[in-house]
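Chains A and B, in that order, are what the protein sequence lines are. Here the numbering used here is used: the first residue of the first sequence is 1, the next is one more, and so on. Here the numbering used here is used: the first residue of the second sequence is 1, the next is one more, and so on.
No wet-lab data here; the hints were simulated from the structure. Note that beta-carbon positions come from the ideal geometry of N, C-alpha and C, so glycine has one too. Fair warning: there could be bad hints in the mix.
[Said to hold, decoys possible] Below, a sample of chain A positions facing chain B; criterion: calculated Cβ distance under 10 angstroms: (1) 159; (2) 162; (3) 169; (4) 171; (5) 173; (6) 177; (7) 181; (8) 186; (9) 188; (10) 239; (11) 243.
[Unchecked claim] Ranges between beta-carbon positions, derived for each pair: (12) 2/A <-> 153/B: 37 to 47 angstroms; (13) 101/A <-> 224/B: 56 to 66 angstroms; (14) 190/B <-> 156/A: 22 to 32 angstroms; (15) 46/B <-> 164/A: 32 to 42 angstroms; (16) 66/A <-> 79/B: 14 to 24 angstroms; (17) 234/B <-> 90/A: 44 to 54 angstroms; (18) 79/B <-> 155/A: 47 to 57 angstroms; (19) 161/B <-> 270/A: 52 to 62 angstroms; (20) 94/A <-> 234/B: 44 to 54 angstroms; (21) 153/B <-> 189/A: 39 to 49 angstroms.
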Amino acid sequence: MSFFLQLTISGLAIGSVYALIALGFVVVYKATRVLNFAQGDMMMIGAFVTFTLSSTHGWPFFVALGVTLVASFFLGFVIERLVLRPMLGQPVFSIIIVTIGLAWLMRGIAGMAFGHSEQRITFPFSGESVRLPGVDVTLSAENIATLTMTMLTFLAFFVFFQRTRWGIAMRATASNQDVAQMMGINVNRISALAWGLAGVVGTLAGVILGMLGFLFIHVGDTALRAFPAAVLGGLDATGGAVVGGAILGVAETLFGGYLGGAYRELMAWILLIVVLLVRPFGLFGSKDIERV
Amino acid sequence: MSQTEVGATAAPATVRTPLLELKNLEVTYNQVVLAVRGVSMEVQEGTVCALLGANGAGKTTILRAISSVLTSQDGEVTDGTICLDGDPITDLAADKIVRRGICHVPEGRQVFRDLTVEENLRAAAFTLTDRRKVESRLEMVQEYFPKLTTLWKGKAGYLSGGEQQMLALGRGLMLDPRLLILDEPSLGLAPVMVDEITRIVTEVSRQERVTVLLVEQNAQIALDLSDYCYVLENGRIVLDGRSSEIAENQDIKEFYLGASEGSSTNYAAIKHYRRRKRWMS
Ligand SMILES: Nc1ncnc2c1ncn2[C@@H]1O[C@H](COP(=O)(O)OP(=O)(O)OP(=O)(O)O)[C@@H](O)[C@H]1O
Ligand SMILES: [Mg+2]
Numbered sequence: 001m002s003f004f005l006q007l008t009i010s011g012l013a014i015g016s017v018y019a020l021i022a023l024g025f026v027v028v029y030k031a032t033r034v035l036n037f038a039q040g041d042m043m044m045i046g047a048f049v050t051f052t053l054s055s056t057h058g059w060p061f062f063v064a065l066g067v068t069l070v071a072s073f074f075l076g077f078v079i080e081r082l083v084l085r086p087m088l089g090q091p092v093f094s095i096i097i098v099t100i101g102l103a104w105l106m107r108g109i110a111g112m113a114f115g116h117s118e119q120r121i122t123f124p125f126s127g128e129s130v131r132l133p134g135v136d137v138t139l140s141a142e143n144i145a146t147l148t149m150t151m152l153t154f155l156a157f158f159v160f161f162q163r164t165r166w167g168i169a170m171r172a173t174a175s176n177q178d179v180a181q182m183m184g185i186n187v188n189r190i191s192a193l194a195w196g197l198a199g200v201v202g203t204l205a206g207v208i209l210g211m212l213g214f215l216f217i218h219v220g221d222t223a224l225r226a227f228p229a230a231v232l233g234g235l236d237a238t239g240g241a242v243v244g245g246a247i248l249g250v251a252e253t254l255f256g257g258y259l260g261g262a263y264r265e266l267m268a269w270i271l272l273i274v275v276l277l278v279r280p281f282g283l284f285g286s287k288d289i290e291r292v
Numbered sequence: 001m002s003q004t005e006v007g008a009t010a011a012p013a014t015v016r017t018p019l020l021e022l023k024n025l026e027v028t029y030n031q032v033v034l035a036v037r038g039v040s041m042e043v044q045e046g047t048v049c050a051l052l053g054a055n056g057a058g059k060t061t062i063l064r065a066i067s068s069v070l071t072s073q074d075g076e077v078t079d080g081t082i083c084l085d086g087d088p089i090t091d092l093a094a095d096k097i098v099r100r101g102i103c104h105v106p107e108g109r110q111v112f113r114d115l116t117v118e119e120n121l122r123a124a125a126f127t128l129t130d131r132r133k134v135e136s137r138l139e140m141v142q143e144y145f146p147k148l149t150t151l152w153k154g155k156a157g158y159l160s161g162g163e164q165q166m167l168a169l170g171r172g173l174m175l176d177p178r179l180l181i182l183d184e185p186s187l188g189l190a191p192v193m194v195d196e197i198t199r200i201v202t203e204v205s206r207q208e209r210v211t212v213l214l215v216e217q218n219a220q221i222a223l224d225l226s227d228y229c230y231v232l233e234n235g236r237i238v239l240d241g242r243s244s245e246i247a248e249n250q251d252i253k254e255f256y257l258g259a260s261e262g263s264s265t266n267y268a269a270i271k272h273y274r275r276r277k278r279w280m281s
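Construct the entire structure; sequences and hints are all you get.
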């Protein structure tokens, strides 16, 4: 029982990472209908910047993280402005290819700037842990931080999408870009904002991975493993990202824990295929009901 | 552009600059399809102006040109100018046009389906940064459309056609526009609903002092509601005048009013109309 719970906890932790990455996919997809294959490498850059600021330059962890979050918002913003905006009106296929190019470009630059060795971001409370009374389960400081950060992020996104002027405008744009424009919503700004937010959640995901000891220039490939989480939840559903991430993380860890590592990765794809067969638009995604 | 116009047009002889003026507007889709071929129109402040025409005449295209949302359709203004208060606005971006006080209610009741009624209205108030004003406009819309209040938190995609049209109109009112552009508000609605919408449009134009540019295929509605009317055919204005006079025009009576009573598009009748027009001119 406690083995099961322990696995579930680490599953949720890794699931948080998937959820955050999925959220990045979802935000950009919702606002622009583009699958952003650079999501993983935006995440990697964010993690390396936090690492450099905190470990190399000795900044306090949370200061480094805060600064990186702001910077990654602007990185997303700039990418949209310089790379995506000029592609406006091109076929979605070409735009997706451009995001793949962008991913490799960032990876190359990161290789030159941060080196090719594996790093770990030290979390200030690292080593400490909490034993849950009753059940024989330990929560590490990293686990607690991960779950808290993820929950706060999703809460913030929820409030943003439901309550704020920009959030509602973004959903309106996702629903019908043409009419959103007629209502005076500047859809270019919306897509820049979406990319900025994708940068922010990317950094959070990357920093969490870094705390767990996964920081190297190819860590962006993890985003591809999180991709099933986004599809699972529904590519246009914010809430779906968190559920998809959690399911994927837990299922993966449980399968890995009981059946051995080889099954771990398989699980994600089996789940993805099964869900897509049953619900092609994901668990929470909406069928495209828009009129042409 | 300060030189005085030589009175060559048949428009009413006012010295006032019209609120909206189209001069020789030409719109092309995909670089080849000429959808609007040199249209000139004037909409005077405080009036209801109707633009009448059959399917594919180019009505929606003209409206899209005015509110600058042609790019997503691969269309562009290839000639002519659009002026608001005498200022050219042809090249302004869509959001700037909205900020200038032009609000376009698109055809086919395109509400934001995944958003609630309230969120639809709030999204439409995007350019309003004054929160108090947003709240007071929300209240005003609820007064005009009490039905929407009962559906406030429901998803707009689940509303009936008539309710969606009310929501679309309500969205148009959120910004307190100077010019309200309505693209076929009666389309696909039952007669009772059409009457309701008609009543509200009249009320809004009087009470809120909004100038209205109304596009219709239903000549009866268009002529009842408007002060001045343009008839568009194949991307060209073929007739214009005071609505009361046009309503008396024999051709219009026969071929638009007649056609609108039965099936909404009586193709044969329209073809006949065109043939006769050619023969007469
Ligand atoms: N995106 C487009 N690409 C190419 N041609 C188009 C496009 N949109 C409209 N057209 C063409 O332009 C012409 C005018 O279309 P428009 O939609 O303005 O007509 P309308 O008067 O609004 O018709 P309806 O009453 O059916 O709405 C039509 O011949 C149509 O086929
Ligand atoms: Mg039309």
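Checklist line | Hints that the structure is at odds with (numbers, increasing) | finding: Of the numbered hints, 1, 10, 11, 14, 16, 17, 19, 20 and 21 do not hold.
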